[in-house]
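Put chains V, P and Y on the given structure of chain G with help from the hints.
There are 4 protein chains.
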Amino acid sequence: MAVERKLRMGMVGGGPGAFIGPVHKMAAELDGKIELVAGAFSQSAERSRAAGKSFGIDPGRAYADYREMIAAERKRPGGIDFVVIATPNHLHLPVAKAALEAGIAVMSDKPATATYDEVLALEAAVEKAGLPYGLTHTYAGYALVREARSICASGRLGAIRKIAVEYLQGWLSQPIEKSGQKQAAWRSDPALNGPGGCIGDIGTHAFHLTEYVTGLRVTSLNATLRTVVEGRRLDDDCNAVLRLENGASGVLMASQVAAGEGNGLRLRVYGENGSIDWRQEDPNRLRVKWLDGPEEIRHAAGSYLSADAREVTRLPGGHPEGYIEAFAVLYREFADGLLAWRAGEPNPLPATLPGIVAGVRGMRFIERAIESNRLGIWVEF
Amino acid sequence: MAVERKLRMGMVGGGPGAFIGPVHKMAAELDGKIELVAGAFSQSAERSRAAGKSFGIDPGRAYADYREMIAAERKRPGGIDFVVIATPNHLHLPVAKAALEAGIAVMSDKPATATYDEVLALEAAVEKAGLPYGLTHTYAGYALVREARSICASGRLGAIRKIAVEYLQGWLSQPIEKSGQKQAAWRSDPALNGPGGCIGDIGTHAFHLTEYVTGLRVTSLNATLRTVVEGRRLDDDCNAVLRLENGASGVLMASQVAAGEGNGLRLRVYGENGSIDWRQEDPNRLRVKWLDGPEEIRHAAGSYLSADAREVTRLPGGHPEGYIEAFAVLYREFADGLLAWRAGEPNPLPATLPGIVAGVRGMRFIERAIESNRLGIWVEF
Amino acid sequence: MAVERKLRMGMVGGGPGAFIGPVHKMAAELDGKIELVAGAFSQSAERSRAAGKSFGIDPGRAYADYREMIAAERKRPGGIDFVVIATPNHLHLPVAKAALEAGIAVMSDKPATATYDEVLALEAAVEKAGLPYGLTHTYAGYALVREARSICASGRLGAIRKIAVEYLQGWLSQPIEKSGQKQAAWRSDPALNGPGGCIGDIGTHAFHLTEYVTGLRVTSLNATLRTVVEGRRLDDDCNAVLRLENGASGVLMASQVAAGEGNGLRLRVYGENGSIDWRQEDPNRLRVKWLDGPEEIRHAAGSYLSADAREVTRLPGGHPEGYIEAFAVLYREFADGLLAWRAGEPNPLPATLPGIVAGVRGMRFIERAIESNRLGIWVEF
Amino acid sequence: MAVERKLRMGMVGGGPGAFIGPVHKMAAELDGKIELVAGAFSQSAERSRAAGKSFGIDPGRAYADYREMIAAERKRPGGIDFVVIATPNHLHLPVAKAALEAGIAVMSDKPATATYDEVLALEAAVEKAGLPYGLTHTYAGYALVREARSICASGRLGAIRKIAVEYLQGWLSQPIEKSGQKQAAWRSDPALNGPGGCIGDIGTHAFHLTEYVTGLRVTSLNATLRTVVEGRRLDDDCNAVLRLENGASGVLMASQVAAGEGNGLRLRVYGENGSIDWRQEDPNRLRVKWLDGPEEIRHAAGSYLSADAREVTRLPGGHPEGYIEAFAVLYREFADGLLAWRAGEPNPLPATLPGIVAGVRGMRFIERAIESNRLGIWVEF
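As you go down the protein sequences, you meet chains G, V, P and Y in turn.
Residue numbers 27 to 407, in our numbering, belong to the letters of the first sequence in order.
Residue numbers 27 to 407, in our numbering, belong to the letters of the second sequence in order.
Residue numbers 27 to 407, in our numbering, belong to the letters of the third sequence in order.
Residue numbers 27 to 407, in our numbering, belong to the letters of the fourth sequence in order.
Okay, chain G solo, but in the shape it has when bound:
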């Protein structure tokens, strides 16, 4: 299905030193439905212009302030269709709100906001605006995550009994936030990041993946948060035991001081009859094990995969797709949804695309984990 014209995207954040800015651009543009045309990439006008130049956009559309961008783009012909928010967390709410109030749709980095209170305000703003809002839980875009979700939904595993989710990184094993690493710096500053360190940055991904794949809600948890690196102001290592709505239990382990690990997100789901196992660092394979019968490895693009999994694959089997492609799946779904919304569909975003509901769940998770850790007990969700 051809697009008449590309949707126009304006980015907030993602400027120099931000790994995620160029990734947003590559992912958004990959499927030919979106183009980056404007941005408030940095709070410095000069740096924003430099970023704009590196992205190849019209110099006149590289703004130093997101409010300025929204105001200017709203007025100009061919202004942006949506904003992508790639800033530190404390700006997620104000930027999203400003865009929504200006009638502009929003695609946002996770976590949705810096605090749980903020996300409730955001939820209200989204509802009031009636505009599409997407949340980039990137891993939801992998074909084999979609397959895992389909398998759970199919009931073939039987009742789900246990999950084990882990997200292990090693990049904060040293206090690199003190030596100017920009990514680390804002993530270690409660004012910019919010109160959840590792639990917010990657724990939310693990949490989201769990609910996304199993279709079950977490109902209580018992979390232990630690700050391993001396002098760090937020948690950098988290372990939690979970209970799910159907009585299943789970373990969630997230760490940014797991020395030697890269981006080790892994989800295992155990049902009565079998289990599934997916690892982000080997994303094009899904392991499925059965009580009786050989272990299976399902490969991306396999003819036997569910429709949900097949339709997000671009290449024939054996041609690896990766992180950018997964990210692009979310953008593609967001673009299709935005077009459908313009065509009058009231709820155009597909269930496969994380949105404000996932955003609220994620912020609640952070808040509950911090509370559980504070009290040293189980807390309801």
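There is no bait here: all hints are sound.
Derived DEER-like restraints, expressed as beta-carbon distance ranges:
1) G/Ala333 <-> V/Glu256: 29 to 39 Å
2) V/Gly402 <-> G/Ser205: 39 to 49 Å
3) V/Gly319 <-> P/Pro221: 46 to 56 Å
4) G/Gly181 <-> Y/Ile202: 57 to 67 Å
5) V/Ala377 <-> Y/Glu371: 47 to 57 Å
6) G/Pro216 <-> V/Ile403: 24 to 34 Å
7) V/Ala97 <-> G/Gly273: 43 to 53 Å
8) G/Asp318 <-> P/Pro216: 46 to 56 Å
9) V/Gly184 <-> Y/Arg243: 52 to 62 Å
Derived BS3-like pairs (lysine-lysine); straight-line CA-CA distance at most 27 Å:
10) Y/Lys32 <-> V/Lys79
11) V/Lys79 <-> V/Lys32
12) P/Lys32 <-> G/Lys79
13) G/Lys79 <-> G/Lys101
14) V/Lys79 <-> V/Lys208
15) V/Lys101 <-> V/Lys79
16) P/Lys79 <-> P/Lys101
17) G/Lys208 <-> G/Lys79
18) P/Lys79 <-> G/Lys32
19) Y/Lys32 <-> Y/Lys123
20) V/Lys32 <-> Y/Lys79
21) Y/Lys123 <-> Y/Lys208
22) P/Lys101 <-> P/Lys123
23) Y/Lys32 <-> V/Lys32
24) P/Lys208 <-> P/Lys123
25) G/Lys32 <-> P/Lys32
By construction, these hints were calculated from the structure, which means they are not laboratory data.
Where is the CB? At the ideal position from N, CA and C, for every residue including glycine.
Only chains V, P and Y this time, still in chain G's reference frame:
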């Protein structure tokens, strides 16, 4: 070093239907230092005789009762040098005590006893007898576990910050104890097994491996035990968060209802500089990751391994050794220790061989996990 | 380094049913240096227009004939800067020649032409035109292939003694060319494909990878080509033993009837001191083994990688890049080279980008393999 | 089924410095059906006695000469039931012949003899004696090799089209035979080893595995043998292309100078519908891939495995068995066969146990490979 004669072993338990009896025999005899000569393999005289015949021992030395065996063997010339206990847990203490009181050394299946109180009595009995006592935490016999232990001891990882240990099996996913599966039946009966189901059967292995490899003691834990299969009388799924004496934290996950898993014991240890990762189902490889530098895979029999790892390998690199060989390492160390003890060494068992200290720790772990679960809080250890 | 404007690409071929057309577009545009603006996507005007629409280009620039495209684009302001050739093999030479003669640079699918004679004509045309010519041996774009190449060049392996390269696919296990699968149809037709079936389609990739990584030329070979599927007109399974210029030997195995395989390209290189092992289906890891010392796994984005490997990675460690990203590396190098050429550099394409030299080598390989197979003996190269 | 008494084994060779002697003992004795009671472990009386002591046998039964052993054991009550030959190759024939002529069964290391002429003499001797003769192609004893064989026999793969077998070791990458490494020394000496170096030592294993698993005979081959390490007197690296009786083709790659490899034996078999893949260094898993459908991993002890595979497994799933256990399977089959032969069965050895037929095939393979290499062409088999 040649042995003058083989040490003579008498087995208690391990008769028909017991997977572990033949394994004990194969492991004990593998290195040519031990031979099985007697046994009270079953409480049925007929079944014990049948087992003795299948093991190829003198029919006159297949007893129906361990007390009878101990009494008879003690008197006969060429009587047994030690007893191996391969019974359900509730017999571990009485058999061990009877043997020790008769001056006979003991090699015992884990957990050491059925309850924590019992292990204290056993500890006293071992101390009083002054005889060698070994505990078959089989996984401690793998070469790469020894390598992992050496790496931790060397300090190369820096301070240990985090451990993740898991032991996932699927064989109790259905209530097979109700259909006569003998292994499942006694493990599901508190009177024969003791109060810890999964936590006792395999949680103790995971716990032991953690302390064995890291050299650190667990000092508190927060455990959640569940009985997933309806009608089962003991826990079959356990999750625990741990604290170690140096401030490190950990997650211990054990399950016997993880459908599709075989014998999935895995330990990961994260230090300041790097981490190690060992998996029982791929036992001849140890993964070592560093903050900076390539991931390493250390292979059994590698010239670069620690002396501790090298000396328990029998074959050149690339020739897999497995579970029986690991088990046999413990028997070899026990045999050498028993010979040394006879030669007058007061503490002849090497630190690499689990013994009564590990036994007490393991029973304490079970007791503490049950208590933590009951209260829903952290408990000291 | 920002681009002033994007380079404009015109595609020949790649229309409906061609897997590779959209891949070229995604890869070319990924790094923001190129945009697809025109194309002769099909020999049917209607289908070409449809393809153009699906690609989002100006309808007036979707041509039914490459000659028409070249003539029209040459004249218009903002005409294409280069042509990408994504047609069946028999059109590679005429399209490339027409473009070069019109002063337009060329990026071409492999193999460079349909026959060895043709590639000599192409070589002359490239030389005469003095224009950049790139060849999409996609796998040369992977970061870990670059690392493998750097390791070989560094001498750390010592003299190279042996290589083992394999490229195993299963998609032609059945005669799908007879039921209208477009990809299979032209590849099975000597008039469209040239005389080398599997040996030309994927054998050339394996051959190129060997020479690319080792830096050594193949000097003789003994090849066995077979047509396994009855009625197929070209080879679909090939085995060859190779000799390299330094005396090393090798095995090259390529098959499109290896049922169950996806896109199994793998290269192993053995030197005096160690060896390397890279697999396309797990592209972000490179295994390095040493005579003494642990096996290494080098991960994409590792700080310890060679500069050549590091500079083609877009994401932090643990975030998988795949086939599209590798492809895009070649496009990025081609774009940079084309810009440099415009700025007056006489030989602007980097050695890391396959070009006409690789094209000639590849066609020679096909021709030699067919001849060796015909004679049943070793042939010089 | 209980044994009345253990079969008595006498070993020839296997003394100090021979890795394989202790392995034979462990493997032979593992299942409790055999015991090592005598040996001519070395041609030095003193060294033979030392070996006998280390093996724990009666000093009077450690002989310095195999003829002496055979003569003495034949006369004594309780003399050996069979001889195992663990010598360099040149002694395989004379020892086997002497034993057979004395009415003693034979279990022999591979290759069966040093030369093809010798194996024909051996074949005649075995036939004349009518005694059990087994050949220790160890890898035939792995459960998953049995499963692979069953799958091929079942026809589920469809007609077999292609095989790829490789056996890669690195231990002869340096000229260690010159510095007294005993294993390397005799293998590099044509007088002791026979004319096939790598091709004889491990190429025969790869060849045997191919015919054993597929049930197809190799009918022609085109082999390239090289001596990579300067001054070595026999080949240390071999590549061969094979044709099988049903028209399938194959590649066989064997090397002892593949630096970094351990004991890398791997067999892949491709049929019309799917393929299998087994690796000795990961022996408890068998990968099965299908044209349509997920890849399978079959695990040792799986309830879904063929009877042939299940009956050679001693442990529950997830408990790794290794090289010694595989070896022991061959001994167990030999022991059962020898007992059956004594009970009057004329052809008591099962088809799963390699014997003289495999021995003749293997020696023919070596002879043909050398001839093909000499001529540089395909040779019939």
